[in-house]
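These are the residues of each chain, in order.
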Amino acid sequence: MNRFSYSRASAVSQALDQHRAHAGAAFIAGGTNLVDLLREEVTHPALLVDINRLPLRQIEATGAGGLKIGALATNSAVAYDDMVVRRYPLLAKAILAGASAQIRNAATVGGNLLQRTRCHYFYDAGTPCNKREPGTGCPALEGVSRIHAILGASDQCIAVHPSDMCVALAALDATVHLAGKDGTRTLAFADFHRLPGDTPNRDSNLRDDELITAIELPKQGFATHHAYVKVRDRASYAFALVSAAVGVELDGDTIVNAHCALGGVAHKPWRDPAAEASLRGQRLDAASVRDFSAMLLRGAQGRRDNAFKIELSARVIARAFELATQPSFEESTP
Amino acid sequence: MDTSTAGTALDLAPSEVERVPVTFEINGKTQRFDVEAWTTLLDLLREHCHLSGTKKGCDHGQCGACTAIVDGQRINTCLALAAVHDGATITTIEGLANGDTLHVMQQAFIDHDAFQCGYCTPGQICSAVAMLDEGHVKCADDVRELMSGNLCRCGAYTNIVAAILDAADLPHEQDGGAGVRS
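Chains as they are written, first to last, in the working numbering: chain A, 7 to 340; chain B, 19 to 200.
The shape of chain A in the complex, shown without the other chains:
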């Protein structure tokens, strides 16, 4: 493992000060991804600022009828929280579809947003990678690309964001709370992560001096009609090839509002507000969902190994809408 200095902060302002005082500093929370990246020499921070003592573990109801989740709440704490289970079961299910119990016990919500791609080339410091070392090239373009993006990729990078939790947070229209040297600000979840473009080294729009302090969920949690469907290479403890988080508000069988985010297909959870708008007022059936997925997957491009993800995405979307609106479907299938 590469070497670094260590400091410990007990307040957000102190953490920001320690981070700012040292070029090449990084925050460490759960460490479940960062320690691995340090060991693999993918990242080389000169200083780790330990933020685990910051008072950011609370999960509390907001005045606006939503829920605010502290950035240091662990994945397990969120997934099994009574309010999350009752009001935002889509989030609980997405979290429990990801990682292992050991990882979920240590990994935090803030860290989940900032975890790096599991692209083989990004992780292998012996190969070029535009995300790890800008300008060196992208072997995935012509190489092993089974786990790579079909949407929103660039000729610099076709990596995907690996999170399950973030797919649900995107579908739920979460807001990210940030603190920096100039004060606090919020970002809509859709604006938090970014597409690779010409700067794939930047995964998100978080500024260098900023810290995630909380995730806020709006009142609408789609507790009645929701589903998280994840397809992966083994039954548990594997990253998604394709996943879908769906929340639907129905009036009879007419769609009042529908949200759908895809995981495993792009550099960020993939949503299309225009495609979702086209569902409003429509009868929910196989045809309307098929038209919706055609819009959501517009421009999808397969590579050597991952073209299957395009059709798989359409099927995962159909399955998610089916489960979201017919919860008894799975049990009644022989």
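Worth flagging that the hints you see were computed from the coordinates, not collected in a lab. Please note that a few of the clues may not be correct.
What the hints assert, rightly or not - Once the Cα atoms are required to be at most 20 Å apart in a straight line, the calculated SDA-like pairs of lysine to any residue come out as:
{"id": "1", "chain 1": "A", "residue 1": "Lys99", "chain 2": "B", "residue 2": "Asp159"}
{"id": "2", "chain 1": "A", "residue 1": "Lys99", "chain 2": "B", "residue 2": "Lys74"}
{"id": "3", "chain 1": "B", "residue 1": "Lys74", "chain 2": "A", "residue 2": "Tyr243"}
{"id": "4", "chain 1": "A", "residue 1": "Lys225", "chain 2": "A", "residue 2": "Glu282"}
Please arrange chain B on chain A, whose structure you already have, making use of the hints.
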């Protein structure tokens, strides 16, 4: 995780350090160490405490052989820095038995022949003990899902599930289930 560890030595030290004084309660015994900032909990347990029951498998968080119970929670100690967990209470496989009386989970693994080479076993047992404390296991499928962070390359899964169901006092499956869902 309880992080109410105010007043540890680091608060008095210069703000950036490469060596970190840490204190742990390991298997009931309070111990102090001075570790390099990049020392993992796994290396601290094995190299500094000479508790080699906790195993280094993949050193990547993918196999679960390094699972120990830290502040009541099972975690991958290979992905945990010792400095970050300063002040924690840790239970390893060496701390589960009460004298010569094995923990019920240890005995269940023996009774069910739930291992072959044994390398993954300490992690499996620590993981299973903490899993039952978490309180979300109701059937064999839950065991398989919630133990998915512990790999067994000998493939003793069927017997591992049986051992855990016994320790949890839960019924076994009628078909003796190999874990394949229809």
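Here is how each hint holds up against the structure:
1. A/Lys99 to B/Asp159: 16 Å, holds
2. A/Lys99 to B/Lys74: With Cα atoms ~30 Å apart, A/Lys99 and B/Lys74 exceed 20 Å; violated.
3. B/Lys74 to A/Tyr243: The hint holds at about 19 Å.
4. A/Lys225 to A/Glu282: 19 Å, holds
Of the hints listed earlier, the one the structure fails to meet is number 2.
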